Each structure stands twice: as C-alpha cells, then as structure tokens.
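S.K.: One-letter residues, chain by chain:
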Amino acid sequence: MKKTTSFADAIEAALAQAMAADPKIIILGEDVHMLRRNLLVRFGRKRVLPTPISESAFVGAAVAAAMAGLHPVVEVMLVDFMGVAMDALLNHAAKIETFSGGKWKVPLVVRAACGGGYGDGGQHEQSLWGWLAHIPGLVVVVPATPFDAGGLMLSALEYDGPIIYLEHKLLADYWLEFLGSGGRKTVSYDIPRDGAYATIPQKWQPVPLGKAVERRNGSDVTIVSVGVGVHRALEAAEILHEHGVSAGVIDLRTISPLDRDTVCEAVAKTKRLLVVDEDYQGFGLSGELAAIVLEAGLTPSYARVCTQCTIPYARHLEDQVLPNTQRIVQAALAFN
Amino acid sequence: MTADLWSLYALMLRSRLLEEAVARLWHAGHISGEMHLGIGEEGILAGIMAQIRQGDAIALDHRATSALLMRGVDPLALLNEFLGRPDGLCGGQGGHMHLFSQEFLAASSGIVGAAGPAALGFALAAEYLRPGSVAVAFFGEGASNQGMLLEALNLAAVWQLPVLFVCKDNQWAITTPTSVTSRGKLVERARGFGIHAEEVDGLNVEAVWNVAYEALARARGGDGPTFIHATCSHLEGHFLGDKLIKTARQPVREMLSIAGPIIKSIFRVKGAPFGERFKSLIMTLNLIRRTRKGLAASQENDPIERVRLKLQNDLPRLQALEEAIHQEIHHLVAATGLVA
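Heads up: the sequence lines are chains A and B, in that order. Residue numbering for the first sequence is 1437 to 1772, as defined by my numbering. Residue numbering for the second sequence is 2 to 341, as defined by my numbering.
Because the hints were derived from the structure by calculation, they are not lab data. Quantities reported herein were computed from a predicted structural model and do not represent experimental measurements. Keep in mind that a hint or two might mislead.
What the hints assert, rightly or not - Heads up, simulated EDC-like pairs for lysine to aspartate or glutamate below, C-alpha to C-alpha not over 20 Å straight-line:
| no. | chain 1 | residue 1 | chain 2 | residue 2 |
| --- | --- | --- | --- | --- |
| 1 | A | 1707 | A | 1724 |
| 2 | B | 271 | A | 1458 |
| 3 | B | 186 | B | 199 |
| 4 | A | 1482 | B | 277 |
| 5 | A | 1460 | B | 277 |
| 6 | A | 1705 | A | 1731 |
| 7 | A | 1621 | A | 1609 |
| 8 | B | 271 | A | 1594 |
| 9 | B | 280 | A | 1523 |
| 10 | A | 1541 | A | 1523 |
Using the sequences plus the hints, can you model the full thing?
M.R.: See below:
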C-alpha cells in the first residue's frame, strides 16, 4: 500500500519506526519538544529531550552516550550551528573508532537543516556537507526525495558509526514555515515539488548508505548533484533536451562515502561532467568529484555550478549565488 | 546624575514604532526569512544605550535593531537593509541578524552567545586604543548556557576588562522556557566567576539606567566587568510568526493543524506507557498555555507604558513628542516607497 507524504513526515515516520523497534534510540536537541512533539507524545520524555542552547555540551554528550550504548539522534537545528559544537564531531565522534583500534564504535546521528533559498542570510543558509565530509570517520547523507529521506534515516539508525543527516529547508516544509514564511501567505519559494512531496511506502526500507542513484539517463553530459541541486539539475536537463542536449542526472544521496562507481560509469559514457553543488565551490565536493574521475583514468570535460561566496541576504542576490537552473543550462551548453 | 525620562521615552517609542513598521513590512512579504524584534526589551536597551558614547563598542545578538537605532544608526539604512536593498546598512548582504556598523563599533550575530567573546575583544582593543571606553554585550538568557559566553565571563573577570554583560531575560529560549534549561540564579553564576553582578527589572527603564550608570563608571574607571541580569517581556515570541505565539493567539486554527498527528501518536502501538504519553502531552499543552499567560501579562507590563505613566502630568509635551515620533517613522517608511 502506498500514500502521498511530505519529506518532513517521511523522516518522522522512519524515525518512529526505528524508535519503536530499538529502545536505545533517543532524540536530544534544541526545541525538540516542539519540533518532534509527535514523537515526544508517543515515546515519552525520556526519549525526546529538549536541551539548552549549549551545543558543545549536548553534542559532546551525545557522542559519549553513543559510546556507552545509546543510539542518539542529536539535533542542532541548522548545520551552521555545528560550528559551535565542531570539536565533538571533528576531534571525537569521527576519530574514536580509529583511536580505539576499531574496537569502540560511535552509533550517532547528527541531524540538522541545511541550505538556502528563503532569504535568511549567510549564517543560517549554508550547506557545509563538503566541509563535514572532509573529515575521515564521518558519514554525510543529504536526501533529495521523501523516499530517500525516510530510507536514509532508517539506514543511519542501523549504522554503527557517526552520521551527519542533513535535510534541506526547501524540501522540509516545517523548517521553511519556521524560518521562512512564518505562516505568511505573502512570500513564495522555488520549492521542488517532487522533492518535498511524493508517494512513499507504508513501511520503510533502508536506502543503502554510499549509493548514488541515476535520476535521469543522458548520453551527452552527466550532471552530478545532491539535495535541492538534483531538482534544479533535472529542470535544467528538460531545458537542455529542447536544445538537443541529452543530460543525465545523478543524485549522490550520500556525500561520504562517495559512490565512485556510479559517477565514473556515467562519465565514462558521456565524457562530460557537470557538478551542481549548493555548498561552497572551493576545496569541496565539486573538486572531489573531479579528482575521483581523474583517479579512475577518465579525462572528461568538466564544469561546476556552485556557491562561490558568503550567501547574501537579499533574495535577488541569493538567487544568483545559489545554483539555479539557468546557470546549469549555460554551463552545460558551454561544453564543446 | 539622574536619568532623563523624556529622552529615554523618546528612544523607546522610536524603537517600538520602527519595529512595528518592520513587522508590517515583514507580514506584507517585503522582508524575507526570520524577523526577531526587540519589542518588550526597549527599557533595557534605552537605559544602557543612552549612556554609550563615541569609542564604546556594542556586541549584539539577533535582535539588534533597537540598539543600533538608539546608538544613532540611520533608521532608513536599517529598513533598506531588511528590504535587501543596495543602500541598506550592509548593502543588503547581511539582513537583520547580521548588522554591522564600523562607525559605531557595533556588530551583531545570529549565533547565540557570540556577543560574549565579541565584547571581550572589543574591550581588549579599547584598553590599548581607546582608554576609558567600554564594550557592551547584549544577549538573551538562552545564551547564558552557551559555553563561549561562560568562557567570556571568566576571561573578562581575569583580565578585568571594561565589559558590561547585559542579559535580557524574557524567560524563553526560542520555544523552550528557561525553567527547563537552567538551574540556579544567573547573577550567582556571574558572581561565581568573580564578576560584579546586578539584578534589575528591565521593564523599568529608570532602574536599568541607574544600574548601568554604576556599571559604566566601574568599567571606565578600570574596575572591571559587570553582569546585569534584566528581566523583560516576550511580546512577539522568538520571531514573527512564532508557532507558539500564533497558537496562543488563535488556538483553534493552529491547534487543528498540529492536533491530528499528536492524537495519533498517543494511540500508536509501541511506545511509552500511556501514563507517560499523557504526561508528555500535558507538557506540550502547558507550553502553549504558558505562552498565552505570558502574552496577557506582558501587555500590562509593557516597559513603554510604564515610563509613559510617569510623564503623563505634562500631557501636552507628551503628546507633542509622540506626534513627532509617529511622524518621523511615518515619513521613514514612506521613504522606502512601500506602504506599512
């Protein structure tokens, strides 16, 4: 049996399914008594714990609680705020398994909203998945559809190491209402419909970590993206089709570990790689994708459409800075 | 020295009317993203900002509009910034949570607690470059559980820096009541670091002014930092459109959208025992009820109404002042070309 649901409800449904099966899963973080009120009411106050605005303390505590047998889902609201708790992730969560000679695991999900497109300024709209994936020992997932949002949450909770789970605010409607519209009908956003709402299964199956998926087959150019970028790329691929260019779109779903095989297989056929990444351009995912195809012995033409600077507050400036469909089309048409 | 209530009232009313105009522009969709207003905090801000002078620095949180206005920043530049225009205070790059004025040594941040270390650094620079100047950090009580702020308190005490740490306590950290996130008294916490700490009713601008007067004299005279714990009201919620505030004002409409999933959660198989589920439900409902109560009480305890009562014996002067400020804000909004 299938039903239509939102990206946000998909995450909650998968989380509820996992929490019902595994009493070791707890949720802690800022405002979770309101954000996760349905889970609070169902699973009780011992499993859904609101915290003070003390990120370094409660993320650090979540790491150790994971070491000592719980499976915490710790929430820092926005990925930007991970900066405050970075030590717990960079120097502890990511390294304990290695430091202990592989004997001590840290089963932890760090959940945060990410991404821009609603005019909240450069301290609240970053992506930062490349910055986090840079650290060995952290798995970073960024779902682009409700199906993957639920399936990846389930996989994250079956995994025995630390995972950063990022939900894009343009896909998760409650975040957009919380931070963008505030219930106003006077503002609108470019929300990818297939990313925010979809038909999903009644019972969740895990979506494997580290596995990309081909969203569209194409023979001239391979567009690789993640999150909202996937939907912008699919829109661009439609326009490119009218220009006689056959563009394929790969949704990475997991940033780290990167699915080298899926990317290289497609690029080997098209010989053109276009990366669409809402994260910062320099020293990140887009450069990493260039590196893996070179390492595989491929020498495709390469271009990227990324965020190159601090995200401006003004909506019209922001729309230019974040990857948009027009920039993707232009970049693809510029290939020889 | 005593406070001049007329000028304090003018600062507060100007701030209130500007922020109410900002709220209308936000509701009309001209301002994007979140909008955190300082409505209810005006008594704290005016009592302190009235005594800030050239060379002093201010480190602000995500509710920076009032303080900047009171410091002398061009209000049209503020409005234009919120509207994302090139002639905004920061060229439309920052928005309301990231307002900067180098001219007035004023910096804000959307990261909770960041004002603590910032004021510390401003004060350190003042010791070298602008002796007799101070730095003020404004933050909410939610920030006083943030590590960086507590570390800043310690360092300010150890280095005896000229800092005022001003905690604007509205009893809520976003949607979390303070009672859930803190134990003990904040002044005792500050005193534990060896910092002089004072408690004051932030709805009473005169009282705030007096406490700040003493604290500033201490800081300017080289006698180190002061922590001021000022209580205030929470008239507009954490930000405009705050779900709790909306639910409190329009309980039936808002509750319908959230009630369905909650009720389903109570009856799903697997989960906590029903007694615990019921207690969790009560906790959620209590939050909404407490917000309603807070709203009603805070309207009686509006800092602006309180100072106005003291000025009413010269009604003609009061009305002339209010008319002038209303006119100023009206023209200001008109200058944006928008209707609010």
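S.K.: Look at each hint and say if it fits the structure.
M.R.: Against the structure, the hints come out as follows:
1. For a cut-off of 20 Å, the pair hint linking residue 1707(A) to residue 1724(A) stands: about 17 Å separates their Cα positions.
2. Between residue 271(B) and residue 1458(A), the direct Cα distance comes to roughly 10 Å. Compliance with the 20 Å bound is thereby established for this hinted pair.
3. For the given pair, residue 186(B) sits about 11 Å from residue 199(B) by alpha-carbon distance, which is consistent with the 20 Å threshold.
4. The suggested pairing of residue 1482(A) with residue 277(B) holds, with an alpha-carbon distance near 9 Å, which does not exceed 20 Å.
5. With a C-alpha separation of about 17 Å, the suggested pairing of residue 1460(A) with residue 277(B) holds against the 20 Å cut-off.
6. For the hint linking residue 1705(A) to residue 1731(A), the alpha-carbon distance of about 16 Å falls within 20 Å, and the restraint holds.
7. A C-alpha spacing of about 14 Å is found between residue 1621(A) and residue 1609(A), which places the hinted pair at or below 20 Å, so the restraint holds.
8. Between residue 271(B) and residue 1594(A) the CA atoms are separated by roughly 19 Å; this keeps the pair inside 20 Å, and the hint holds.
9. Pair hint residue 280(B) plus residue 1523(A) does not hold up; C-alpha atoms about 36 Å apart against a cutoff of 20 Å.
10. The hinted pair formed by residue 1541(A) and residue 1523(A) meets the criterion: a straight-line CA distance of about 18 Å does not exceed 20 Å.
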